[in-house]
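Number of protein chains: 2
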Amino acid sequence: MFENKDNRTELSELGEFGLIDLIKKNVTIQNQSSLKGIGDDAAVIDSEGKRTVISTDMLMEGIHFDLSYVPLKHLGYKAVAVNLSDIYAMNAEPKQITVSIAISNRFSLEAVEELYSGIFLACKNYKVDLVGGDTTSSKSGLALSITAIGVANDNDLVYRNGAKESNLLVVSGDLGGAYMGLQILEREKQIFVESPKVQPELDGNDYILERQLKPEPRADVYQMLRDLNIKPTAMIDISDGLASEIFHLCSQSGLGIELFEEKIPIDPQTFERAMEFGIDPTVAALSGGEDYELLFAINMADYDKIKNNPLVTVIGHFTPKNNGYYLVAKDGSKHELKAQGWNAFLDKKD
Amino acid sequence: MFENKDNRTELSELGEFGLIDLIKKNVTIQNQSSLKGIGDDAAVIDSEGKRTVISTDMLMEGIHFDLSYVPLKHLGYKAVAVNLSDIYAMNAEPKQITVSIAISNRFSLEAVEELYSGIFLACKNYKVDLVGGDTTSSKSGLALSITAIGVANDNDLVYRNGAKESNLLVVSGDLGGAYMGLQILEREKQIFVESPKVQPELDGNDYILERQLKPEPRADVYQMLRDLNIKPTAMIDISDGLASEIFHLCSQSGLGIELFEEKIPIDPQTFERAMEFGIDPTVAALSGGEDYELLFAINMADYDKIKNNPLVTVIGHFTPKNNGYYLVAKDGSKHELKAQGWNAFLDKKD
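Chains as they are written, first to last, in the numbering used here: chain A, 6 to 355; chain B, 6 to 355.
Note that these hints are calculated values from the structure, not bench results.
In this text, all values refer to a predicted model and were calculated from it rather than measured experimentally.
Do not take every clue at face value.
Copies of one chain are not kept apart here, so a pair can be met inside one copy or by any two copies together.
Said to hold, decoys possible - Calculated cross-link-like contacts (lysine-lysine; reagent style BS3-like; alpha-carbon spacing at most 27 Å):
1) 144 <-> 78
2) 335 <-> 236
3) 202 <-> 78
4) 312 <-> 339
5) 326 <-> 29
6) 343 <-> 29
7) 144 <-> 194
8) 78 <-> 29
9) 30 <-> 169
10) 30 <-> 343
11) 326 <-> 30
12) 339 <-> 326
13) 29 <-> 169
14) 236 <-> 312
Only chain A is shown next, with the shape it has when bound in the complex:
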């Protein structure tokens, strides 16, 4: 990263161009297709007749992250990760990102370096190039906007609307962890607010804290699907929670769903913490969100290729639309599934 200084440097000393230069100096271009990166009006990408895929996300301080417990480096990493996750969810490969930040004078240069060190680490890990963006000031707080650009052959692209009746519903990894990690962080913040001298108790929560603070987009699942020659019929990534994402796949594909509670993959640590907090672990998986796993539909014929694969779990199957949306509970009872996605406007009041 940038040079490590102990003293605080005001952003005003650098100015916008100085900051851009600093960012630029730390960028290494990794893809031949990144013809033009930072330093011109726009980035230029060689598409070679393939499809260019663009995804964008905006993260606001106080809404999407709380800097009292999210280190800036993790924030930068996560901001990139969630965008790359969107590109993989198209069955495409991310190649470039643009990063725009707005920051108030409350932040020092060192803070910005910390943020970008996370951004650069994600770029390195996923072989993605930072090719542009914008840096500006904000009246209060930090705002981040990231656009990811990916590439795919036309016939490899997977949309949300392609699932077919009796397709299997498959999810990667496990669910609910990011949400339980957030509960731990919020609890410790509350304790800190009330008794600043008490050390935070984060031990034994490593996995769920990492799920919340440093999610990884499922590049490995994307690659596995290619290696196994499986093309999902529909795919989405889990940002708002399993239930909400299932609703997107179903409504866009014009189908119903039968989801099996006992099949929903939940890590033991997620399960234990949920029980301690008095939260039903299934609810954490259905409505928690921020897991950034891939949720997709495959043809029955592909079942044998993945049935023992540790990366993924079959959790249900699609049904005709008029069968509706159902969760089959562990006791065999059927419950109507409700979408409880994250509502940005309701959850967080001014």
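On the provided structure of chain A, position chain B as indicated by the hints.
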């Protein structure tokens, strides 16, 4: 636009998906290359072997705009316009945009509709498709982040670093108007703060107010250059002010410049208001910014093709680097040119 209602609708009534649906309903896809727009994880663009060009900008309330005198519709229009301007400055044609907004509960749905009506108008006027984005909430104020995607043949692209010694420096339109428009708006705001009953005096300032509130990217100049078979050797758009942009072209091309004050195109209304405000009109042009004109270098051989063209003016010529950066004043005296671009961190304190 959306239906016009007199009563206020809270965003929380719609939720994020409701808002996205509303936006989606108002989008009409205009380009065949927009294969996938709003409604999936990412936008898909058919590049047909051409170059995909991406540009992004972030606009923050209180920094880039003041809603006490900028109507939301104009803000939306301008936010798109400035991004398209970046694409034209690459000698490329904009085709798609993504729009991310963060809004506090202070804004009603009607306010968001107003903002998007300006965005859609710019899309319509410049035949650009809105293909994605993000909508979220903010703790305070409005933040807008727009990414524009354009296309060009590889050999048509123009960068900042291609100018050659004795190339001519050419600018479109006229300069300093947007800055003087801003002075008028700030003066009237001040009067309003002191005496709310006094009607704002905006008469006779139509041109410069429009330059500030509703700038137009120079699609016509892009087209004219193609029609005349002129490929600039270097190009940039004027967002920070003429001097700052000249510095970018010179430093990236490794050249010096001789700029002629008397050639700098300034509209009579800009000139008059500058004199009234005690501002040197040349300084308004050099340092004011936000004109969104195209500034470019051409070979001497192309001079005859544009010498009487009303869209552009030759304002100087490039020199060897060690000749430095000079402004030749109206009286023939030479002055070292200083870059005085907009400094986002210095100008606006928290």
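- Message: As a check of your reading, is residue 343 near residue 29 (CA-CA no more than 27 Å) within one copy, between copies, both or neither?
- Response: between (46 Å within a copy, 23 Å between copies)
- Query: Which holds for residue 30 with residue 343 at a C-alpha limit of 27 Å: within a copy, between copies, both or neither?
  - Reply: between (49 Å within a copy, 24 Å between copies)
- Copy assignment of residue 144 with residue 194, given that the CA separation must stay at most 27 Å: both (25 Å within a copy, 19 Å between copies)
- Alpha-carbon proximity context of residue 29 and residue 169, limit 27 Å: Close across copies (25 Å), not inside one copy (46 Å); limit 27 Å.
- Task: Have a look at residue 144 and residue 78 and pick one of within, between, both or neither, based on CA distance no larger than 27 Å.
- Result: both (22 Å within a copy, 22 Å between copies)
- Message: With identical chains, the pair residue 312 and residue 339 could be close in the same copy or across copies; at 27 Å between alpha carbons, which is it: within, between, both, or neither?
- Response: within (25 Å within a copy, 78 Å between copies)
- Go through the copies and call it for residue 326 and residue 29: within, between, both or neither, with a Cα cutoff of 27 Å. This pair counts as between: shortest inter-copy Cα distance 23 Å, intra-copy 51 Å.
- With identical chains treated as interchangeable, where does the CA-CA distance between residue 202 and residue 78 reach 27 Å or less: within a copy, between copies, both, or neither? within (25 Å within a copy, 50 Å between copies)
- Task: Using 27 Å as the alpha carbon limit, work out where residue 339 and residue 326 are close: within a copy, between copies, both or neither.
- Result: Classified as within; 16 Å inside a copy, 77 Å across copies.
- Is it within, between, both, or neither for residue 335 and residue 236, if the alpha carbons may be no more than 27 Å apart? Neither: 30 Å inside a chain and 68 Å across chains, both beyond 27 Å.
- Query: Taking 27 Å as the upper bound on the Cα-Cα distance, should residue 236 and residue 312 be classified as within, between, both, or neither?
  - Reply: within (15 Å within a copy, 58 Å between copies)
- Item | residue 30 and residue 169: within-copy, between-copy, both or neither at 27 Å Cα | Between copies only: 26 Å across chains, 49 Å inside a chain, cut-off 27 Å.
In terms of the numbered hints stated before, the structure departs from hint 2 and from no other.
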